[in-house]
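Taking the hints into account, I'd like the entire structure generated from these sequences.
Protein chains in written order, with UniProt numbering: chain A, 1 to 418; chain B, 1 to 137.
These aren't lab readings, by the way, just hints derived from the structure by calculation.
Heads up, none of these hints are tricks.
Derived pair list, reagent style EDC-like, types lysine to aspartate or glutamate, alpha-carbon separation capped at 16 Å:
#  : chain 1 : residue 1 : chain 2 : residue 2
1  : B       : Lys46     : B       : Asp57
2  : A       : Lys415    : B       : Glu131
3  : A       : Lys385    : A       : Asp373
4  : A       : Lys277    : A       : Asp382
5  : B       : Lys46     : A       : Asp412
6  : A       : Lys409    : A       : Glu75
7  : A       : Lys409    : B       : Glu131
8  : A       : Lys25     : B       : Asp112
9  : A       : Lys415    : B       : Asp57
10 : A       : Lys83     : B       : Asp38
Okay, here's what each chain looks like letter by letter:
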Amino acid sequence: MYALVDAVSYYASAEKVFDPSIRNKPVVVLTNNDGCICAVCPIARRLGVPKFKPYFQIKHFLAKHQVVIRSSNYELYADLSDKMMSVIARFCDNQYVYSIDESFLQFKNYNSLIKDWHQYGDEIRRTVWQETRLPVGVGFGTTPTLAKAANHAAKKLPGFNGVAVINDDKSRKEILSRMSVTDVWGIGSRLGKRLNVLGINTAWELASRSPKTMRQQFSVMVERTINELNGVACLTWDDVRQPKKEIYSTRSFGQRVTEFHSLKTALITHGAIVGRKVRQQHSLVKRLLIFAASSPHDDNYYKKSVVYDFPVATDNTINIALAITQVFNQIYMPNVHFYRCGVGAIELTSSEFTQHDMFSISGNNPELMNCYDGINNRYGNDTVKLAAEGRAEKWHMRREFLSPSFTSKWRDIPKIIC
Amino acid sequence: MKIIPIYIEAGISGFESPAAEYKELGLSLDQLLISNPDATFIGLAKGQSMIEAGIFDGDLLLVDRAEAPQDGDVIVANYNGCFTCKFIDKTNARLLSASKLHRPVQINPDDDFQIEGVVTRSIRLHRQVRELASCML
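And the structure:
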């Protein structure tokens, strides 16, 4: 048996933990730079606040309904996530933390110990709430995909109160036939549309198809999903997190940037972030995209992006910075008020299986990069960085509605009235 | 600017300390004072109403959410949107202060009230701590 435990609108719920004055109020959380809404608490959802809408478009609606607005407080979310995960870990000996607010549990040889999975799910929910004040949903299933489906049912379908179990054909059919096919894990909206053409609208209709035929028409991924929906476990924890195919670091500026060096240091900082992430998943960058733009709402919208191909794929931050420096003159334009810029590794290869080039010498320096990452992992990001990244903090995130770091900064600890 | 607290090693090796084998991990206040680290948070006491229970303005409070509150415990509650530290009187649904200047607070059904956790320890800072200076204002 597998379980997926995740928090209900995590960022918004985390904001309520140490601020009891907003517990019963509608709360939304904005993304980086306060751009879009990325989390909507259940109270705000009932008011009809949509997710992923740009903040400025919905500002008046939020003000009218007295919705509490918060910027993303990653320090707080990371700390509360650690606590939540370690409470959840007490319920199973095999936990896989899938994202900041989701974790899988795999129960092997628990069947004689746990008589009633519903009750066990309730106990997980109650304990996490009691100890962290975070609401979670729990879905049990005989495969990871079914656990994910049960979790969806637990939170979204009427009749379930935060816990759902798929452990026989009856419960499987009941839940899958009430789910749209795009609610199935791994089925995105584009794939969903193609499946709709074949008359597959619900998760149950997908589960009823022949995995072999669907593999020919779609992909191995779809075949696996169908098998998983039929109770055949195909995913393992390692498969669950595949290396990313593209890695981007991009952001809009807190204040517009016009100056040559400011834009360059911002781009190189993005390059360094990309380099770090590339090394984390043991990839090498083959092709890099570098871009900068003014705001599309400006009169003379300016956008320029350049693709740089590395002769030999690299994970060396210095090489990435040099590449950016090399193409920078093609991107920069005087008198443009830059609003956004970024760097993306758009073609990656595995660092384990690299074909070496006979003529080009690899500029990689694993020893240096290991040391660099080692220092930064131990003492915090940016302890060592390239001089070209500069010390300018101007382009850092805009977080106008930031809550205090209640659990990670002494000056921000909660006040308790005596 | 971040400073890494390691000293340069000159590569000279002296004699091993005869006590090396007896070395244990240093005493940790966290380990002593916090039984449920995942369920515990640290807050700052503000106000005079718990003075006779030994909790003064500016004390640190360790609040444990995993601990079951017993009648008469010092607790932190969400009382109408504020974290409040009082004695809990479950029998009469009241919050009691530890000061003659403060009267018991009756919890009414229309109050927003939940117990947040039990105050398991309070810490008095006899000298000012720099990190907390801005909280003390």
